[in-house]
Amino acid sequence: MHYLADHQTFDSTSALNAAVYEHIKRNTYDLNDTDRQALKKIARYAVKFSGAAHLKAETLAELIGKSVKTARRALNKLATLGIVKKIATTRKINGGKGANIIVILPVDDQSTMSNRGQAEKPTETTAEAPKTENEPSDSIKRSKNQNNVLDTAVIPADALKGALPNEIYTAMARYFDAEKIYKYYGILLRAKASVDRTIRLEDHAAPFVEAWHATIMKAKSHEIKRFDDYLYAGFMKAAWTVKARLNRGGSLMERFRKALEGQGSRHKL
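FYI, in UniProt numbering the residues of the sequence shown are 1 to 269.
For the record, the hints were derived by calculation from the structure and aren't laboratory data.
Hints should not be assumed to be uniformly reliable.
[As the list claims (entries may be wrong)] Estimated spans, in silico, between C-beta atoms of each pair: (1) 189 <-> 226: 13 to 21 angstroms; (2) 62 <-> 189: 52 to 60 angstroms; (3) 163 <-> 80: 40 to 48 angstroms; (4) 90 <-> 162: 41 to 49 angstroms; (5) 163 <-> 32: 16 to 24 angstroms; (6) 12 <-> 247: 43 to 51 angstroms.
We put the beta carbon where it would ideally sit given N, CA and C, even for glycine.
All chains, please: the whole structure from these sequences, using the hints.
Here you go:
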């Protein structure tokens, strides 16, 4: 039995993928682009034994195009947030420290909540796992008929159905897959939060959908150079529109309340 099988946390790759994207969704404000990329690369290497990968920090750094120090920092943040756990290993031959086994945790795994970010007791391994077995290259793609899916970056958009407000999901899914939808939905949330994070998208989706379509049309006609920046500005404007409406509604309700109180006072007289 392969040693990584002992650390497998999911029954299938589809369950692993769903957990990865749920982790990203729930930690929108805590994860930066490097953290998200690191998690997706780890997930790609954790396909064979769903959720477990034997991955060197140097290899992860190479995959995300960052320094080893940055890769370790991203991995430590993922561990601190309870998204992954690191299991230290020792080499059987010379007893030296081996590369960590990285385990992607199920969402809200209660067994790790009290020890977030802490490595488990070192596991003895026979040798460093060869790259061809546990660290597939980006070009490797397995079919769904083999109980695997294509690269985790190409999950279909409908994998997110129900996770986003329906109108916003529908608008974005017309153009992009799950990874891009998460990215642009994150931009929406950040823009909204900069104005008023209490705005409920379920109740006020229309201005944000309009901003989305306006940006798409501008991009199609090659009128903008920086899509993300233009989109952020559009979503921010939509948030201000909603906030203004809510404030006007609040003012009207306040005037109505005072009018009723005034009528009550006159009746008492």
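Checked hints:
{"no.": "1", "hint": "189 <-> 226: 13 to 21 angstroms", "verdict": "holds (19 angstroms)"}
{"no.": "2", "hint": "62 <-> 189: 52 to 60 angstroms", "verdict": "violated (31 angstroms)"}
{"no.": "3", "hint": "163 <-> 80: 40 to 48 angstroms", "verdict": "violated (24 angstroms)"}
{"no.": "4", "hint": "90 <-> 162: 41 to 49 angstroms", "verdict": "holds (44 angstroms)"}
{"no.": "5", "hint": "163 <-> 32: 16 to 24 angstroms", "verdict": "holds (21 angstroms)"}
{"no.": "6", "hint": "12 <-> 247: 43 to 51 angstroms", "verdict": "holds (48 angstroms)"}
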